[in-house]
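> Heads up: the sequence lines are chains Z and S, in that order.
The numbering of the first sequence is this note's numbering, which starts it at 1 and goes up by one.
The numbering of the second sequence is this note's numbering, which starts it at 1 and goes up by one.
To be clear, the hints were calculated from the coordinates, so they are not data collected in a lab.
All C-beta atoms, glycine included, are put in the ideal place defined by N, C-alpha and C.
Fair warning: there could be bad hints in the mix.
[As the list claims (entries may be wrong)] Covered stretches of chain Z, going by a simulated chain S footprint (3 or more residues, C-beta under 8 Å):
id: 1; stretch: 15-24
id: 2; stretch: 38-50
id: 3; stretch: 67-73
id: 4; stretch: 77-91
[Unchecked claim] For lysine to aspartate or glutamate, the following EDC-like pairs were computed, each having C-alpha atoms within a straight-line distance of at most 20 Å:
id: 5; chain 1: Z; residue 1: K16; chain 2: Z; residue 2: E78
id: 6; chain 1: S; residue 1: K135; chain 2: Z; residue 2: D77
id: 7; chain 1: S; residue 1: K135; chain 2: Z; residue 2: D46
id: 8; chain 1: S; residue 1: K127; chain 2: S; residue 2: D116
id: 9; chain 1: S; residue 1: K135; chain 2: S; residue 2: E105
id: 10; chain 1: S; residue 1: K135; chain 2: Z; residue 2: E30
id: 11; chain 1: Z; residue 1: K31; chain 2: S; residue 2: E105
id: 12; chain 1: Z; residue 1: K16; chain 2: S; residue 2: D131
id: 13; chain 1: S; residue 1: K135; chain 2: Z; residue 2: E78
id: 14; chain 1: S; residue 1: K120; chain 2: Z; residue 2: E103
id: 15; chain 1: Z; residue 1: K84; chain 2: S; residue 2: E105
id: 16; chain 1: Z; residue 1: K31; chain 2: S; residue 2: E126
id: 17; chain 1: S; residue 1: K135; chain 2: Z; residue 2: E103
id: 18; chain 1: S; residue 1: K127; chain 2: Z; residue 2: D46
id: 19; chain 1: S; residue 1: K127; chain 2: Z; residue 2: E98
id: 20; chain 1: S; residue 1: K127; chain 2: Z; residue 2: D102
id: 21; chain 1: Z; residue 1: K84; chain 2: S; residue 2: D116
id: 22; chain 1: S; residue 1: K120; chain 2: Z; residue 2: D102
id: 23; chain 1: Z; residue 1: K16; chain 2: Z; residue 2: D77
id: 24; chain 1: S; residue 1: K120; chain 2: Z; residue 2: E20
id: 25; chain 1: S; residue 1: K127; chain 2: Z; residue 2: E78
id: 26; chain 1: Z; residue 1: K31; chain 2: S; residue 2: D121
id: 27; chain 1: Z; residue 1: K84; chain 2: Z; residue 2: D13
id: 28; chain 1: S; residue 1: K127; chain 2: Z; residue 2: E20
id: 29; chain 1: S; residue 1: K135; chain 2: Z; residue 2: D102
id: 30; chain 1: S; residue 1: K135; chain 2: Z; residue 2: D12
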Amino acid sequence: MSELQGLQTRYDDFRKAGAEILAISSSPSEKHRAMGLAFPVLSDPDGTVMRAYGVEHPGALPFTRMSVARPAELILDENRVVRKRFIAENWRVRERPERLLDELARI
Amino acid sequence: MRTPDARSSRRVAWLVWGGILLSGFAMASYFLIIPRISVALRDSGNANIALGGVGVIMSLAGVAAAWRAARGLKLAVFSLLASVGFTGALAYYVHGLSYQVPAPEQVIAVGTAAPDFGLKDQEGVEKSLVDFASKRLILVFFRGHW
Numbered sequence: 001m002s003e004l005q006g007l008q009t010r011y012d013d014f015r016k017a018g019a020e021i022l023a024i025s026s027s028p029s030e031k032h033r034a035m036g037l038a039f040p041v042l043s044d045p046d047g048t049v050m051r052a053y054g055v056e057h058p059g060a061l062p063f064t065r066m067s068v069a070r071p072a073e074l075i076l077d078e079n080r081v082v083r084k085r086f087i088a089e090n091w092r093v094r095e096r097p098e099r100l101l102d103e104l105a106r107i
Numbered sequence: 001m002r003t004p005d006a007r008s009s010r011r012v013a014w015l016v017w018g019g020i021l022l023s024g025f026a027m028a029s030y031f032l033i034i035p036r037i038s039v040a041l042r043d044s045g046n047a048n049i050a051l052g053g054v055g056v057i058m059s060l061a062g063v064a065a066a067w068r069a070a071r072g073l074k075l076a077v078f079s080l081l082a083s084v085g086f087t088g089a090l091a092y093y094v095h096g097l098s099y100q101v102p103a104p105e106q107v108i109a110v111g112t113a114a115p116d117f118g119l120k121d122q123e124g125v126e127k128s129l130v131d132f133a134s135k136r137l138i139l140v141f142f143r144g145h146w
């Protein structure tokens with residue numbers, strides 16, 4: 001199960017907590033559509049938004065040297081202020097939905 | 001009845017091919033099978049490295065058996081190199097390469113306003129933070145693959 005599929009299984013709980021999920025990756029929209037997810041998955045092919053948030057991993061993909069996101073999850077409040085950040089120390093490990101829901105309940 | 005000679009070369013073949021296949025399977029399954037079945041095994045990666053280690057031990061035993069039987073040594077050594085290669089590459093990916101990410105200090109700080117943007121969603125519709133006013137947001141920067 002991918003990170004995004006994991007979030008999808010708890011999507012109702014996120015909405016009950018008054019939160020919406022917004023995913024951003026450097027893949028094209030067609031690839032995101034094929035994932036069949038209920039929440040928006042945004043396409044940032046040149047990494048502009050990733051750079052603005054300081055989560056760009058430049059030239060990380062082999063062969064194409066495309067930029068990808070370093071895995072990170074941010075919680076924004078109603079005023080779009082960053083309230084919590086989860087920053088992976090390696091790219092294999094992603095934050096679990098349970099941790100994000102716990103943090104939503106706390107702030 | 002089998003001769004001792006035939007029995008020992010069967011033993012060599014079993015260890016040699018078993019070692020290659022097991023360590024190759026340990027590496028490939030970490031990327032292809034484990035992500036579908038267990039988040040815990042995927043996050044750790046050590047179960048696959050251990051399985052690859054068993055493959056290395058089998059290959060090593062294969063080299064010893066081939067040496068004693070004085071046949072099939074070349075293939076046995078190749079098996080050992082391959083299984084050490086597979087398992088070493090996996091261990092390096094899990095414990096070395098995957099940690100090579102940009103410094104966490106660069107990430108936008110807690111307490112700052114998130115910069116707005118306009119990006120296309122999976123239906124081709126442009127979305128920005130304003131579209132989600134009055135809601136809390138989980139912004140997931142997704143690297144891909146899993």
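> None of the hints should be skipped; say for each whether it holds.
To see whether the hints hold, each was checked on the structure:
no. : hint            : result
1   : 15-24           : holds (count 8)
2   : 38-50           : holds (count 8)
3   : 67-73           : holds (count 6)
4   : 77-91           : holds (count 14)
5   : Z/K16 - Z/E78   : holds (15 Å)
6   : S/K135 - Z/D77  : holds (7 Å)
7   : S/K135 - Z/D46  : violated (27 Å)
8   : S/K127 - S/D116 : holds (10 Å)
9   : S/K135 - S/E105 : violated (27 Å)
10  : S/K135 - Z/E30  : violated (27 Å)
11  : Z/K31 - S/E105  : violated (30 Å)
12  : Z/K16 - S/D131  : holds (18 Å)
13  : S/K135 - Z/E78  : holds (5 Å)
14  : S/K120 - Z/E103 : violated (28 Å)
15  : Z/K84 - S/E105  : holds (14 Å)
16  : Z/K31 - S/E126  : holds (16 Å)
17  : S/K135 - Z/E103 : holds (15 Å)
18  : S/K127 - Z/D46  : holds (16 Å)
19  : S/K127 - Z/E98  : violated (26 Å)
20  : S/K127 - Z/D102 : violated (27 Å)
21  : Z/K84 - S/D116  : holds (17 Å)
22  : S/K120 - Z/D102 : violated (29 Å)
23  : Z/K16 - Z/D77   : holds (15 Å)
24  : S/K120 - Z/E20  : holds (17 Å)
25  : S/K127 - Z/E78  : holds (17 Å)
26  : Z/K31 - S/D121  : holds (11 Å)
27  : Z/K84 - Z/D13   : holds (18 Å)
28  : S/K127 - Z/E20  : holds (13 Å)
29  : S/K135 - Z/D102 : holds (17 Å)
30  : S/K135 - Z/D12  : holds (14 Å)
Checked against the numbered hints given earlier, this structure breaks hints 7, 9, 10, 11, 14, 19, 20, 22; the rest are met.
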